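Peer 1: Build the full structure now, drawing on both the sequences and the hints.
Respectively, the protein sequence lines represent chains A and B.
Mapping the first sequence onto numbering that gives the first Met the number 0, position 445 (from 1) lands on 444, and the numbers just tick up by one.
Mapping the second sequence onto numbering that gives the first Met the number 0, position 121 (from 1) lands on 120, and the numbers just tick up by one.
It is worth saying that the hints were derived from the structure and are not from the lab.
Computed from a predicted model, the values in this text were never measured in an experiment.
Do not take every clue at face value.
Note: identical chains are not told apart, hence a pair may lie in one copy or across any two.
[Said to hold, decoys possible] Each computed EDC-like pair below joins lysine to aspartate or glutamate, with the alpha-carbon atoms no more than 16 Å apart:
id: 1; residue 1: Lys362; residue 2: Glu312
id: 2; residue 1: Lys456; residue 2: Asp404
id: 3; residue 1: Lys182; residue 2: Asp319
id: 4; residue 1: Lys182; residue 2: Asp316
id: 5; residue 1: Lys1; residue 2: Asp227
id: 6; residue 1: Lys362; residue 2: Asp309
id: 7; residue 1: Lys488; residue 2: Asp346
id: 8; residue 1: Lys23; residue 2: Asp65
id: 9; residue 1: Lys229; residue 2: Asp187
2 protein chains.
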Amino acid sequence: MKYIIGMDVGTTATKGVLYDENVKAVFSASKGYPLIQTKIGQAEEDPKVIFDAVQEVIFALTQKADGEIAAISWSSQMHSLIGLDKDNNLLTNSITWADNCAKNVVQDAKKSGLARKIYQKTGMPMHPMAPIYKMLWLKDNEPELFNQVKKWIGIKEYLIFRLTGKLIIDTTMAAGTGMLNLKTLTWDQELLDTLNVKQEQLPEIAQPTEIVAPIKEEYVQKLGIDSDTKIVLGASDGYLSTIGVNAIDSDHFALNVGTSGAVRTIVDQPKIDQNASYFCYPVGKKHYLLGGPVNNGGIVFNWARQTLFDAGETPQDYLDVAQSAPAGSRNLIFLPYLSGERAPIWDANARGSFVGLTRMHQKPEMARAVIEGIIFNLYDAAFSLIKNTKKPVAINATGGFLKSDFVRQLCADIFNMPIVTMKEQQSGTLAAMFLARQALGINQDLSEIEQFAQEDKVYFPNPKEAVIYQNMFPLYCEIKNALAASYSKFLNKD
Amino acid sequence: MKYIIGMDVGTTATKGVLYDENVKAVFSASKGYPLIQTKIGQAEEDPKVIFDAVQEVIFALTQKADGEIAAISWSSQMHSLIGLDKDNNLLTNSITWADNCAKNVVQDAKKSGLARKIYQKTGMPMHPMAPIYKMLWLKDNEPELFNQVKKWIGIKEYLIFRLTGKLIIDTTMAAGTGMLNLKTLTWDQELLDTLNVKQEQLPEIAQPTEIVAPIKEEYVQKLGIDSDTKIVLGASDGYLSTIGVNAIDSDHFALNVGTSGAVRTIVDQPKIDQNASYFCYPVGKKHYLLGGPVNNGGIVFNWARQTLFDAGETPQDYLDVAQSAPAGSRNLIFLPYLSGERAPIWDANARGSFVGLTRMHQKPEMARAVIEGIIFNLYDAAFSLIKNTKKPVAINATGGFLKSDFVRQLCADIFNMPIVTMKEQQSGTLAAMFLARQALGINQDLSEIEQFAQEDKVYFPNPKEAVIYQNMFPLYCEIKNALAASYSKFLNKD
Ligand SMILES: Nc1ncnc2c1ncn2[C@@H]1O[C@H](COP(=O)(O)OP(=O)(O)OP(=O)(O)O)[C@@H](O)[C@H]1O
Ligand SMILES: Nc1ncnc2c1ncn2[C@@H]1O[C@H](COP(=O)(O)OP(=O)(O)O)[C@@H](O)[C@H]1O
Numbered sequence: 000m001k002y003i004i005g006m007d008v009g010t011t012a013t014k015g016v017l018y019d020e021n022v023k024a025v026f027s028a029s030k031g032y033p034l035i036q037t038k039i040g041q042a043e044e045d046p047k048v049i050f051d052a053v054q055e056v057i058f059a060l061t062q063k064a065d066g067e068i069a070a071i072s073w074s075s076q077m078h079s080l081i082g083l084d085k086d087n088n089l090l091t092n093s094i095t096w097a098d099n100c101a102k103n104v105v106q107d108a109k110k111s112g113l114a115r116k117i118y119q120k121t122g123m124p125m126h127p128m129a130p131i132y133k134m135l136w137l138k139d140n141e142p143e144l145f146n147q148v149k150k151w152i153g154i155k156e157y158l159i160f161r162l163t164g165k166l167i168i169d170t171t172m173a174a175g176t177g178m179l180n181l182k183t184l185t186w187d188q189e190l191l192d193t194l195n196v197k198q199e200q201l202p203e204i205a206q207p208t209e210i211v212a213p214i215k216e217e218y219v220q221k222l223g224i225d226s227d228t229k230i231v232l233g234a235s236d237g238y239l240s241t242i243g244v245n246a247i248d249s250d251h252f253a254l255n256v257g258t259s260g261a262v263r264t265i266v267d268q269p270k271i272d273q274n275a276s277y278f279c280y281p282v283g284k285k286h287y288l289l290g291g292p293v294n295n296g297g298i299v300f301n302w303a304r305q306t307l308f309d310a311g312e313t314p315q316d317y318l319d320v321a322q323s324a325p326a327g328s329r330n331l332i333f334l335p336y337l338s339g340e341r342a343p344i345w346d347a348n349a350r351g352s353f354v355g356l357t358r359m360h361q362k363p364e365m366a367r368a369v370i371e372g373i374i375f376n377l378y379d380a381a382f383s384l385i386k387n388t389k390k391p392v393a394i395n396a397t398g399g400f401l402k403s404d405f406v407r408q409l410c411a412d413i414f415n416m417p418i419v420t421m422k423e424q425q426s427g428t429l430a431a432m433f434l435a436r437q438a439l440g441i442n443q444d445l446s447e448i449e450q451f452a453q454e455d456k457v458y459f460p461n462p463k464e465a466v467i468y469q470n471m472f473p474l475y476c477e478i479k480n481a482l483a484a485s486y487s488k489f490l491n492k493d
Numbered sequence: 000m001k002y003i004i005g006m007d008v009g010t011t012a013t014k015g016v017l018y019d020e021n022v023k024a025v026f027s028a029s030k031g032y033p034l035i036q037t038k039i040g041q042a043e044e045d046p047k048v049i050f051d052a053v054q055e056v057i058f059a060l061t062q063k064a065d066g067e068i069a070a071i072s073w074s075s076q077m078h079s080l081i082g083l084d085k086d087n088n089l090l091t092n093s094i095t096w097a098d099n100c101a102k103n104v105v106q107d108a109k110k111s112g113l114a115r116k117i118y119q120k121t122g123m124p125m126h127p128m129a130p131i132y133k134m135l136w137l138k139d140n141e142p143e144l145f146n147q148v149k150k151w152i153g154i155k156e157y158l159i160f161r162l163t164g165k166l167i168i169d170t171t172m173a174a175g176t177g178m179l180n181l182k183t184l185t186w187d188q189e190l191l192d193t194l195n196v197k198q199e200q201l202p203e204i205a206q207p208t209e210i211v212a213p214i215k216e217e218y219v220q221k222l223g224i225d226s227d228t229k230i231v232l233g234a235s236d237g238y239l240s241t242i243g244v245n246a247i248d249s250d251h252f253a254l255n256v257g258t259s260g261a262v263r264t265i266v267d268q269p270k271i272d273q274n275a276s277y278f279c280y281p282v283g284k285k286h287y288l289l290g291g292p293v294n295n296g297g298i299v300f301n302w303a304r305q306t307l308f309d310a311g312e313t314p315q316d317y318l319d320v321a322q323s324a325p326a327g328s329r330n331l332i333f334l335p336y337l338s339g340e341r342a343p344i345w346d347a348n349a350r351g352s353f354v355g356l357t358r359m360h361q362k363p364e365m366a367r368a369v370i371e372g373i374i375f376n377l378y379d380a381a382f383s384l385i386k387n388t389k390k391p392v393a394i395n396a397t398g399g400f401l402k403s404d405f406v407r408q409l410c411a412d413i414f415n416m417p418i419v420t421m422k423e424q425q426s427g428t429l430a431a432m433f434l435a436r437q438a439l440g441i442n443q444d445l446s447e448i449e450q451f452a453q454e455d456k457v458y459f460p461n462p463k464e465a466v467i468y469q470n471m472f473p474l475y476c477e478i479k480n481a482l483a484a485s486y487s488k489f490l491n492k493d
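Peer 2: Here it is as structure tokens:
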């Protein structure tokens with residue numbers, strides 16, 4: 000039996016799954032690591048600690064394999080930034096997507112027009128998560144460090160470099176830096192000039208299915224693998240979780256709503272938005288990942304449960320009460336931006352609101368409005384994709400917030416589209432594994448994912464409710480717009 | 000012993016109090032009556048039923064007097080409209096302040112500029128409560144009825160007409176019609192022309208201390224009074240409750256917050272507001288009552304208690320939880336317009352909102368924000384008075400919402416002024432009685448009220464909290480303004 004290992008390097012942990020030739024998950028392992036937060040807004044990680052975790056996971060998996068490990072393939076968190084010195088030693092931690100150091104840089108870049116240029120050239124939204132903004136910040140605030148850095152990479156590139164000695168990045172991860180030109184799929188010279196960074200300081204760009212150099216001898220033994228185990232370059236978790244639920248073209252949107260959420264789709268040409276409300280990341284010359292990452296998913300549901308209900312009450316108790324209110328919660332609007340928001344409004348200062356309260360609104364209406372507001376926001380994010388592409392045939396949905404029939408049906412009603420829920424899998428590692436199968440020549444393309452991405456149930460929109468929500472959406476947007484300018488006035492006291 | 004009866008003709012009941020020569024309340028009686036609501040927005044009352052209630056109350060009081068009834072004086076609900084035919088028989092019910100028939104008339108009058116003219120000439124806000132708008136509505140929608148009406152009066156005028164045969168109105172009640180010219184203290188000819196109504200169709204105007212004609216013989220017996228018992232014209236409840244808490248000049252504001260609320264003051268010249276955000280009703284040539292009636296007082300507190308808390312929890316439980324949140328509720332803004340709003344925004348479509356939610360906001364913050372929002376709104380109403388007059392020395396406060404030390408202190412902190420709570424009395428009947436004492440020549444003016452309006456406690460603003468709220472008020476106003484244009488878009492489905 001031959002095996003493939005799918006690795007998923009997340010923000011809080013690295014997971015690995017050992018798959019056999021029949022695409023069966025034989026064994027999983029996972030190892031967590033801490034976030035470094037010594038000041039407000041900081042969110043860094045130690046690349047060495049992550050590399051240790053990765054080794055531990057791979058070793059644990061190889062011990063369960065009774066045959067050759069044909070390949071190791073990668074899914075990774077996006078937007079991390081690491082600086083290496085002239086000897087390729089670490090000069091920085093891995094500054095993760097969650098780090099806020101570049102917040103003011105983005106503000107300035109919005110004013111100067113640079114942020115718009117970056118979006119138009121690279122599809123990267125105007126957000127401090129992007130390495131390009133972090134580099135601009137370092138250039139101004141840590142000039143000595145900045146000048147010492149000879150190579151700029153991210154966490155996946157670091158791990159593969161450690162294993163193979165090669166500095167290489169796949170297109171989907173390169174897209175997440177804000178420096179990859181959408182049209183040419185190469186590093187954008189004009190933006191590099193702005194940074195005062197040279198092409199040679201960035202990794203070589205390759206396809207996700209690229210087979211990197213062989214693993215260094217020292218790790219062959221240490222990890223219990225063969226010397227001809229292939230390291231497949233892999234891709235970003237955003238891309239892989241999209242194809243992992245079989246959303247492989249614009250007929251399908253992938254919707255994941257856990258603590259946070261995201262809506263994504265794949266199109267065959269670059270399509271950017273006038274309001275820069277979603278990202279557009281190249282995968283290859285004929286594949287672009289469009290999407291909106293949404294902060295406020297189940298985290299807001301959790302908040303509402305704790306705030307409107309008593310400690311003893313369960314999610315199901317909440318949903319039972321919410322269900323007793325009519326669709327539309329008697330025109331009570333809830334904007335769910337409790338954690339600030341990325342897509343669709345991209346405002347870190349945004350806050351949540353209930354608007355439209357009358358004495359008819361009691362606990363059931365407030366409870367229901369929260370759920371409807373979370374879904375309106377996801378729909379809003381999806382809507383900006385639809386405006387620039389087309390209405391999908393269905394939404395392939397996953398995540399803990401979409402566990403109940405009630406919320407799933409609400410989602411179908413608000414989106415006014417069929418919602419296909421998918422059996423939960425480690426879709427990142429699964430899709431990474433499929434990339435390896437393609438790289439190894441087992442398959443020609445990714446179409447075999449379709450057989451393995453298992454549909455659970457389909458929810459069709461209820462026409463009566465759909466009409467209510469379609470009528471309500473303009474009001475939701477009006478309230479959203481009315482409050483947009485005020486968020487920056489809330490003092491940061493909490 | 001000689002007695003004076005103070006009558007207070009309210010919307011839900013008429014109360015009467017028998018006062019002795021020493022200004023001591025000897026006995027009280029009250030009789031309720033129903034509101035007539037056969038269609039949405041209607042709020043009428045049967046004048047005959049009210050007259051019966053009035054007789055019953057007076058009779059009950061006279062039975063407790065062991066001496067002569069020197070006078071009967073009146074406090075009354077404002078803004079009611081009654082049409083009489085050529086024989087002074089009723090052609091309509093009493094259409095109360097709460098009736099909404101003239102809603103669209105006001106909309107149109109705002110557009111045409113008529114509403115602004117009415118405000119500027121009479122101090123009457125742009126609101127369907129005003130008889131002038133109801134008359135405009137009848138003129139267009141019930142032209143036959145309108146033409147049959149030979150006299151237009153209100154409920155107090157009706158009651159006094161029944162007792163004395165005289166059609167007479169005091170200045171404070173006349174001001175509440177929207178037809179009394181602020182400068183001349185006579186019916187405004189231009190507005191009457193717009194209505195196609197003649198001066199003779201309206202009652203004669205007199206001072207509140209006017210002694211009307213003697214009581215008709217038939218009632219002397221029936222009510223158990225003397226034939227020389229004086230009927231003193233009396234005044235509006237708004238005016239009398241203001242002087243009743245000793246807010247007799249602009250050094251003091253009267254603040255009452257029960258189910259709804261009001262803030263009022265008395266100035267010596269007519270002062271209208273650019274935004275028509277308060278009323279300016281003449282009392283006499285040197286006295287004008289300025290004020291804002293506010294819909295959303297304790298009614299919103301009640302709503303929040305039922306919505307955020309469980310049925311078993313008391314107002315005090317609510318206040319205990321609210322007190323555990325910091326001043327300013329971590330910058331959570333609550334707009335309390337759950338019942339639409341009159342002062343300060345005059346928008347019947349207005350709705351309530353929580354704006355600025357983050358995950359730091361839990362039940363205590365939401366509970367406290369509601370109370371702060373109710374008080375911000377009252378302050379907002381007071382603020383428009385202050386802008387046009389001056390900052391008062393203190394606020395004389397009454398009402399069920401201001402029962403607890405916590406809410407009273409909050410009020411002092413948000414207003415940033417001393418709050419003097421007054422021992423609850425029937426301030427309407429009390430002040431009506433003082434009017435009678437002046438009319439009878441027992442006193443020269445109303446200054447003796449000062450001795451009888453009993454202060455309870457004084458609350459001084461807490462400097463630290465006051466600063467927090469003064470900093471927060473601009474944000475409150477910004478949110479208020481941001482949402483103002485959207486209320487009309489909420490469908491009237493609830
Ligand atoms: N019955 C339920 N209905 C709706 N939401 C629920 C329910 N139970 C849990 N949740 C929400 O689901 C979220 C967790 O979902 P999931 O496990 O998919 O997220 P995660 O993996 O932590 O998040 P992410 O995918 O954003 O990293 C929690 O925020 C919780 O509030
Ligand atoms: N402890 C309290 N704190 C604040 N408000 C209260 C409290 N108890 C009652 N209320 C509110 O006071 C209002 C009643 O006040 P009251 O002056 O009797 O009103 P009204 O005469 O206008 O009906 C109710 O709306 C209620 O919500």
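Peer 1: All the hints need checking, so say for each whether the structure fits it.
Peer 2: Do the hints match the structure? See the list:
1. Lys362 - Glu312: Both. Shortest intra-copy (14 Å) and inter-copy (15 Å) distances satisfy the 16 Å Cα cut-off.
2. Lys456 - Asp404: within (10 Å within a copy, 57 Å between copies)
3. Lys182 - Asp319: For lysine 182 and aspartate 319, the Cα distance exceeds 16 Å both inside one copy (50 Å) and across copies (61 Å).
4. Lys182 - Asp316: For lysine 182 and aspartate 316, neither the intra-copy (51 Å) nor the inter-copy (63 Å) Cα distance is at most 16 Å.
5. Lys1 - Asp227: Within one copy only: 13 Å inside a chain, 116 Å across chains, cut-off 16 Å.
6. Lys362 - Asp309: Classified as both: same-chain Cα gap 12 Å, cross-chain 10 Å, threshold 16 Å.
7. Lys488 - Asp346: Cα proximity of lysine 488 and aspartate 346: one copy only (13 Å, versus 25 Å across).
8. Lys23 - Asp65: within (14 Å within a copy, 102 Å between copies)
9. Lys229 - Asp187: neither (30 Å within a copy, 95 Å between copies)
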